[in-house]
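**Q** The residues making up each chain are set out below.
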Amino acid sequence: MGDAWSLPDIRTPLGARADLYQRLREFMRVRDILEVETPTLCATATPDPNLHSLDTTLTLPDGRQRTLYLHTSPEYAMKRLLADGSGAIYQICKVFRDEEAGRVHNPEFSMLEWYRPHFDSRHMMDEIGELLEWLGFRSPQRVTYEAIFRAVTGLNPHTCATAELQLEASKAGFASEQAERSELLDFLFDHIRGDYMQDDSPYMVHDFPACQAALARLRHDNWPVAERFELFINDLEIANGFYELNDSAEQRWRFLEENRIRKQNGRPQQVLDEAFLAALDALPECAGVAMGLDRLLMCMTGATCIEDVLPFVLDAK
Amino acid sequence: MATYSTNEFKSGLKIMLDNDPCSIVENEFVKPGKGQAFNRVKIRNLKTGRILEKTFKSGESVEAADVLDLELQYLYNDGELWHFMDQGSYEQYEANESVVGDAAQWIKGEEMCTVTLWNDVPISVMPPNFVYLEITDTDPGVRGDTASGGTKPATLETGAVVKVPLFIETGEVLKIDTRTGEYVGRARD
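If you read the sequences in order, they're chains B and U.
Each residue of the first sequence is one higher than the one before, counting from 1 in this note's numbering.
Each residue of the second sequence is one higher than the one before, counting from 1 in this note's numbering.
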């Protein structure tokens, strides 16, 4: 035991991180994107069934207490600023996720999140490409979720039967017998995308299955797809973005559905962030993206585990 | 029925998979930012020795395998079964040919073997890393030739055949590394 935080054996690239942040801020400044801060301590926690918020107790001077939650992303607060007329904004902050630790996961990590009023998915993916080039990467190859899925499994992820996904997952070594459609898609996509992304260039995957829309709009082509996109570099998930849903009734319905899944999983149901929901109908048409900066640094420095780019490592033992 | 949650997974943990006892070799936490968390594990089937890659939903429970490694002394082979004894409790265990497998060619009696028990029944036998066995048959030695580097086959008292240097003679006792099946030296060296 002893001190929870220890310096790693090898000196981490402190300079690489400082340089990255400076370049990110230059990129944002020339585009007139305003840097903002939002609270780390929040009154409500995300109902996303796969995100677990750390909580803490605030004690006021008069002795009253209340539970507050460390944000898992600054999304709700930043959308309230957008609804209030902030214009384009970005934030670089620490976010916190309980129950996540591993080779490419740290329970607290650094995130760059930015929002662009009047952008759609295509504009936002273009701007992410410009940012990557600014940082010395190649511009990402753009490919749909469906194209990757079809190329490796032959299945259409939007329309195939859940039983077909279950069969494909079992063949690929999925040992759990009970899984929802979205969980099977998560497993399979994680398992197969390496077969598709064989070179080290960045890939921008777009048009996710409707059941994985999260806070993205749905678009109805032959079937509904989520206007959601993700950036991968060296098989690492680097960024997740949406053409943002601004329909509070639809968002409330999704939150309630997430709480239903939480209940089914034996997790506490979360109180909904009513201030966020109330602001959503005033949210301008916009796209937004969240980018994991520790993983981006891994790609820039050739690190194979996240600890290699962290100046302090959490001793969980 | 004892179970383990995936958050207890670590290398060496023994679990049941498809009705066979297995040992976890490697465990990695995998999670998409907006999706389900998984434990991706490399796992060894303790009956076949095969390594598989499997993925579990994090938070699930998996049946524990009642598996135990014991250091047992090999006593004798009755023509069908190999007999082993726990030198502490004097309890005896029997293993058939498919369980003993390749270990059979290295043991003649009295060796201490690692025997893996599943529900108290042996499922695999590991011989000691090094065994000492006498040569029962090999071509006549080339006296003094310790430098030419050539080898020849030699049959050991257990029936195993190993490659030995040309100067080795029938009747000599050799030290063998059972992990590689290679001659290490003469027993007296």
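Hints in this document: simulated from the structure, not taken from any laboratory.
Treat the hints loosely; a few may be bogus.
Stated by the list, open to error - Partner residues are not named here, just some residues of chain B that face chain U (Cβ under 7 angstroms, in silico):
{"no.": "1", "residue": "G15"}
{"no.": "2", "residue": "N50"}
{"no.": "3", "residue": "S176"}
{"no.": "4", "residue": "D186"}
{"no.": "5", "residue": "F187"}
{"no.": "6", "residue": "A210"}
{"no.": "7", "residue": "G302"}
{"no.": "8", "residue": "A303"}
Each residue gets a CB set at the ideal place from its N, CA and C atoms; glycine is no exception.
**Q** Taking the hints in turn, state whether each one holds.
**A** Hints and how they fare:
{"no.": "1", "hint": "G15", "result": "27 angstroms, violated"}
{"no.": "2", "hint": "N50", "result": "6 angstroms, holds"}
{"no.": "3", "hint": "S176", "result": "4 angstroms, holds"}
{"no.": "4", "hint": "D186", "result": "4 angstroms, holds"}
{"no.": "5", "hint": "F187", "result": "6 angstroms, holds"}
{"no.": "6", "hint": "A210", "result": "14 angstroms, violated"}
{"no.": "7", "hint": "G302", "result": "20 angstroms, violated"}
{"no.": "8", "hint": "A303", "result": "16 angstroms, violated"}
Hint compliance for this structure: hints 1, 6, 7, 8 are not met, and every other hint is.
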